[in-house]
Amino acid sequence: SQQGEEDPQALSIQEGENATMNCSYKTSINNLQWYRQNSGRGLVHLILIRSNEREKHSGRLRVTLDTSKKSSSLLITASRAADTASYFCATVPSGGSYIPTFGRGTSLIVHP
Amino acid sequence: DGGITQSPKYLFRKEGQNVTLSCEQNLNHDAMYWYRQDPGQGLRLIYYSQIVNDFQKGDIAEGYSVSREKKESFPLTVTSAQKNPTAFYLCASSIGIDGSTDTQYFGPGTRLTVL
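Residue numbers (this note's numbering), protein chains in the order written: chain A, 1 to 112; chain B, 1 to 115.
Rather than coming from a laboratory, the hints here were simulated on the basis of the structure. One thing to keep in mind: the hints can contain errors.
[What the hints assert, rightly or not] Computed footprint of chain A on chain B, listed as stretches where at least three residues anywhere in the stretch have a Cβ under 8 Å from a Cβ of chain A:
id : segment
1  : 20-27
2  : 90-98
[Claimed, not checked] Quick list of the computed label-pair ranges, beta carbon to beta carbon:
id : chain 1 : residue 1 : chain 2 : residue 2 : range
3  : B       : ASN84     : A       : VAL44     : 19 to 29 Å
4  : A       : SER94     : B       : ILE95     : 27 to 37 Å
5  : B       : ASN84     : A       : GLN14     : 11 to 21 Å
6  : B       : LYS83     : A       : GLU15     : 41 to 51 Å
7  : B       : THR77     : A       : THR77     : 42 to 52 Å
8  : A       : VAL44     : B       : GLN41     : 17 to 27 Å
9  : A       : ASN52     : B       : GLY63     : 34 to 44 Å
10 : B       : LEU27     : A       : ARG41     : 13 to 23 Å
The C-beta atom is built at its ideal place from N, Cα and C for all residues, glycine as well.
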């Protein structure tokens, strides 16, 4: 079952613009993670935010978490062509198996 | 170099054959996972293992089998019972599965095509 669902499914922007993608989920979580996947490759972990945190930053990445709305957003500032990839959110349930559940991803294309 | 390796990168199988995908990690992680990814889809969990000699079914275990005889290795066998095995297979590992060490490290994947 896929708990996290990303929105939009696809996003196309110009270099230098900001990219925002959202993730919604249904049940209580221990933490939420964002991953990046370049075409035909494995996933790379970007950032983890715990249920008691509201915002985290890592370089040009900013993640927010709103547990009351069961949603998270990933913001990539000043995007570059090299940011072109698919981005997935993964939710880790609380009080359970702690196995992450991945969404279908957002495909981001950054045009040079 | 620490990391996860998967082999082969591409694999072709005839219908009715079993094939085994290799996954090795030298990160000293206790937990290992196998996922299947279809085009435009997210990752679906096939099997996971929290410790040597133990593994659990994920959401789509039918037609697959695994073993965990060594901490470093978690091979996946795609059996002839798997009706639609053509997909991209990803192996991952994490320190453990306890809510505090859940970050997963992924291998480069194996693309399996049934001819």
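Evaluation of the provided hints:
Residues of the segment 20-27 of chain B with a Cβ under 8 Å from some Cβ of chain A number 0, which does not satisfy the need for three, so the listed coverage is violated. Coverage of the segment 90-98 of chain B by chain A holds [criterion: at least 3 residues with CB-CB distance below 8 Å; count 4]. Evaluation of the 19 to 29 Å hint for ASN84/B and VAL44/A yields a pass: the beta carbon distance comes to about 28 Å. At about 19 Å, the beta-carbon gap between SER94/A and ILE95/B misses the expected band of 27 to 37 Å.
At about 39 Å, the beta-carbon gap between ASN84/B and GLN14/A misses the expected band of 11 to 21 Å. Our hint of 41 to 51 Å for LYS83/B and GLU15/A holds, since their Cβ atoms are close to 44 Å apart. Separation of THR77/B from THR77/A is about 44 Å and conforms to the stated range, judged on CB atoms against 42 to 52 Å. At about 18 Å, the CB distance of VAL44/A to GLN41/B agrees with the hint of 17 to 27 Å.
About 40 Å separates the C-beta atoms of ASN52/A and GLY63/B, a value consistent with the hinted range of 34 to 44 Å. Remark: the range hint 13 to 23 Å for LEU27/B to ARG41/A is upheld by a beta-carbon distance near 18 Å.
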